[in-house]
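Colleague: Single-letter residue listing:
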Amino acid sequence: DGGITQSPKYLFRKEGQNVTLSCEQNLNHDAMYWYRQDPGQGLRLIYYSQIVNDFQKGDIAEGYSVSREKKESFPLTVTSAQKNPTAFYLCASSPVAQITDTQYFGPGTRLTVL
Amino acid sequence: AQSVTQLDSQVPVFEEAPVELRCNYSSSVSVYLFWYVQYPNQGLQLLLKYLSGSTLVKGINGFEAEFNKSQTSFHLRKPSVHISDTAEYFCAVGLQGAQKLVFGQGTRLTINP
Numbered sequence: 001d002g003g004i005t006q007s008p009k010y011l012f013r014k015e016g017q018n019v020t021l022s023c024e025q026n027l028n029h030d031a032m033y034w035y036r037q038d039p040g041q042g043l044r045l046i047y048y049s050q051i052v053n054d055f056q057k058g059d060i061a062e063g064y065s066v067s068r069e070k071k072e073s074f075p076l077t078v079t080s081a082q083k084n085p086t087a088f089y090l091c092a093s094s095p096v097a098q099i100t101d102t103q104y105f106g107p108g109t110r111l112t113v114l
Numbered sequence: 001a002q003s004v005t006q007l008d009s010q011v012p013v014f015e016e017a018p019v020e021l022r023c024n025y026s027s028s029v030s031v032y033l034f035w036y037v038q039y040p041n042q043g044l045q046l047l048l049k050y051l052s053g054s055t056l057v058k059g060i061n062g063f064e065a066e067f068n069k070s071q072t073s074f075h076l077r078k079p080s081v082h083i084s085d086t087a088e089y090f091c092a093v094g095l096q097g098a099q100k101l102v103f104g105q106g107t108r109l110t111i112n113p
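Here the protein sequences come in this chain order: A and B. Start counting the first sequence at 1; every next residue gets the next number (the working numbering). Start counting the second sequence at 1; every next residue gets the next number (the working numbering).
So here's chain B without its partners, still in its complex pose (with noise of 0.2 Å):
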């Protein structure tokens, strides 16, 4: 069975800093791989996702993730933080040839001035 793991349940950073939010993730099988992010009280709105080729995978609002097939893992990165980025962060996995994501449990991004 498939599972995701987000190592960390809250990030604080300051406004400029550079953030690193983990996700770690086990499955025998080829697996797409997506971020999404939920703005308070709002629904999840998707960053970026892995489907196949390049390993570098470029968002929206400047976020990155690098898929690592060795590590099983797709950290998402930006390199200058915002206010507008405080927000909770979901990885989320999907096996080839099912039909349903499996999300992780969520980080939270906040970020000090």
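Next comes chain A alone, as it looks inside the complex (with noise of 0.2 Å):
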């Protein structure tokens, strides 16, 4: 069963602890992507990968890192220098990095700072 798995599907931190998101794609995809996702704000990118060993920052990458030493993973690492981290984080993949492409989205992580 192909598809995008994250973990987990909850998380709690408490504040000024680095904590580090789980995507995982099994479709072969070339690209991936990381987004948060705030009530009433849409998505907005963090980092994407159009190939392993590398990434580019998105709109909002402060306060995140990431690594692509695989193809099928692309760990998010939530440092204590995001400011605001409480949110619902979403890992995309598509086939290649082309803008036409559709991307495909895991279920979520829901990040909670305590």
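Calculated from the structure, these hints are not laboratory results. Only a predicted model underlies this, so the values are computations on that prediction, with no experimental measurement involved. Careful: at least some of the hints might be erroneous.
Facing chain A, a subset of chain B residues (Cβ under 10 Å, in silico) [said to hold, decoys possible]:
| # | residue |
| --- | --- |
| 1 | 7 |
| 2 | 45 |
| 3 | 67 |
| 4 | 68 |
| 5 | 97 |
| 6 | 111 |
Using N, Cα and C, we set each Cβ at its ideal position, and we do this for glycine too.
Take the two lone chains, each set in its own frame, and fit them into one complex as the hints suggest.
Modeller: In structure tokens:
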């Protein structure tokens, strides 16, 4: 069964702690994306990766970091420098990094900072 | 810079009634247009997309959208909605040559029996 998995579904973090969100895909897609979703603001792009060992900042990259060591994995670390990290985080992938490609989304991780 | 505006944050309709969700964009270059749907507590799923050709695009679950270049709009329509259509709908725009989409704020569609 091909798709994108994100774990965990819910995540709680204390202020000052870094936390890593997992994203795995078995669709053999080259491109992967991380979005943040806040109520009434739609989706905002954090980072994206067109190919293994390469990634670019999106519109709101400050306080986040990523790695792309394997084609199927694109983990996102929310660092203590992110001022307001409580949000719903969505990972997506597409066959290649073309604007016309359909993006396939995972089920999301809801992060709450206590 | 491109932007996307979804004019209604919430749209309540009765079951079997028609619905239109509005989306306007601003761009000085050619665009590609998308509608995605998000069911409760899930990720997004593509409903339909306009890349070129016919301005009327048909998607999944009986939805369709029409690209109107002069009005810079891409409104989503369904002639008769079901309870299962309850979800949040996102319009997205991509510029030719760009590598990322810009999403609208979303419209929450609520179907009342």
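Colleague: Each of the hints needs a verdict: does it hold here or not?
Modeller: Now the hints, each set against the structure:
Because the closest C-beta pair between residue 7 of chain B and chain A is about 13 Å apart, greater than 10 Å, the hint is violated. At its closest, the beta carbon of residue 45 of chain B sits 7 Å from a beta carbon of chain A; the interface hint therefore holds under the 10 Å criterion. Hint on residue 67 of chain B is violated. Least Cβ distance to chain A is approximately 14 Å, over the 10 Å limit. Evaluation of the residue 68 of chain B hint against chain A yields a violated restraint, the C-beta minimum of about 20 Å exceeding 10 Å.
Against a cut-off of 10 Å between C-beta atoms, the interface hint on residue 97 of chain B holds, since the closest Cβ of chain A lies about 8 Å away. Because the smallest distance between the Cβ of residue 111 of chain B and any Cβ of chain A comes to about 20 Å, over 10 Å, the interface hint for this residue is violated.
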